[in-house]
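Peer 1: Below are the chains, spelled out letter by letter.
There are 2 protein chains.
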Amino acid sequence: MRELYRSELQEIVNDLVVMSDSVQIAVRDATTALLDVNLSVAERVISSDVRIDQVHDHVEYQAFSLMATQGPVAGELRTLVASIQMVAELGRMGDLAAHVAKIARLRYPNRAVPDGLVENFRNMSSIAQDMVGIAGRVLAERDADEAEKLVTEDDQMDKLRSDQFRMMVGNDWPYSVEEAVDVALLGRYYERIADHAVAIGKRTIYIITGEMPEGEDWPTT
Amino acid sequence: MRELYRSELQEIVNDLVVMSDSVQIAVRDATTALLDVNLSVAERVISSDVRIDQVHDHVEYQAFSLMATQGPVAGELRTLVASIQMVAELGRMGDLAAHVAKIARLRYPNRAVPDGLVENFRNMSSIAQDMVGIAGRVLAERDADEAEKLVTEDDQMDKLRSDQFRMMVGNDWPYSVEEAVDVALLGRYYERIADHAVAIGKRTIYIITGEMPEGEDWPTT
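Top line first, the protein sequences correspond to chains A and B. Under UniProt numbering, the first residue of the first sequence carries the number 1, and numbering increases by one thereafter. Under UniProt numbering, the first residue of the second sequence carries the number 1, and numbering increases by one thereafter.
Treat the hints with caution; some may be incorrect.
In this list, chains with the same sequence are indistinguishable; a pair is considered to hold if it fits within one copy or across any two.
For lysine to aspartate or glutamate, the following DMTMM-like pairs were computed, each having C-alpha atoms within a straight-line distance of at most 20 Å [unchecked claim]:
| hint | residue 1 | residue 2 |
| --- | --- | --- |
| 1 | Lys-102 | Glu-191 |
| 2 | Lys-149 | Asp-195 |
| 3 | Lys-102 | Asp-158 |
| 4 | Lys-102 | Glu-11 |
| 5 | Lys-102 | Asp-163 |
| 6 | Lys-159 | Glu-178 |
| 7 | Lys-102 | Asp-53 |
| 8 | Lys-102 | Glu-76 |
Derived from the structure by calculation, the hints contain no laboratory data.
Based on the sequences and whatever the hints tell you, model everything.
Peer 2: Listed below in structure tokens is the structure:
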């Protein structure tokens, strides 16, 4: 029985890692839909989010069941509680990728992102995908050092978002109001995906060390 | 010992209710800062968010401690797990109110919201405050019927957000690009506060009945 329990606990962590892979693919594909103006890819991201939500519900249920039946102690309880919190972050990241795909679909056959910001969004997406990948590896390998990389990447994400705002203030925005609104919301979605990746990194450090990383190095999410 | 445990469990729910009161005040004050262009109120909301985050950490810690020491069963475990999830929602709602206050501060002494949208944001804020209040009462009184009201209010919030978008598409937006960007993000923040209130309502129904409310009546959050 004890062995079954251990393998069920590991199964939950594995499911979180698989979920992070799905989120990474969703971010990649949502960006393809957005920047390459691809409607069928947009539809695929939106329908895949239903699957991510199903995994979310499954993991949440499994973690709760183990708590209810196994009387987990210290490190195991910490893992289970953190899993319930991390599965919420991953579910939310999937929703945000779907939001990006929905804007791509809404503007089709036009591209929501104007020419001058395509590069900016490609970079945002690349950093977001990196961060989801790091979060997944941190989880899979219980590697607190790897988690530190999230801090640097998050700084780059913030810089890209600031670049967007700099273009939109003042009077020299060469595109439409509608495009500005899309850029503002899309930028927000990518930034939030990055925030959730940081939160997963922090929670994994908490699982490993029993302490949440604090201080100005670690951004609040 | 058992009696102490029961009172500690009740204390956690009480803290969540107090936190929902703080969030409701933060939303009210952030809107005052935004629409009445009041810098000192904006500063107050931003610094109060630190206090909300402290309550968040305290409740999360207390719920975890009870799980670790008391071996909670069925309904109690459900309450503790849901408390950890709901405290995250409330913490996030406080952050969103602080985001509104930060935009008010950034644009001071100008008003971020242009004349034609002041009424719209007053209505958004009023609905958001109502919804936080309902979520708090649902929690305090374990009243699943009261939670149903959140669905209707959330529909009204969505309608107000659609009204904003209708004004910003096409070519007749009479204000600046910067104002459009502010409206888009501010609208998003109020809408997210409403979403979190709905999530709290759903989780409270789960505590009471053991089932999450599903179906198209209940918006996904």
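Peer 1: Taking each numbered hint in turn, which are not upheld by the structure, reported in ascending numerical order?
Peer 2: 4 and 8
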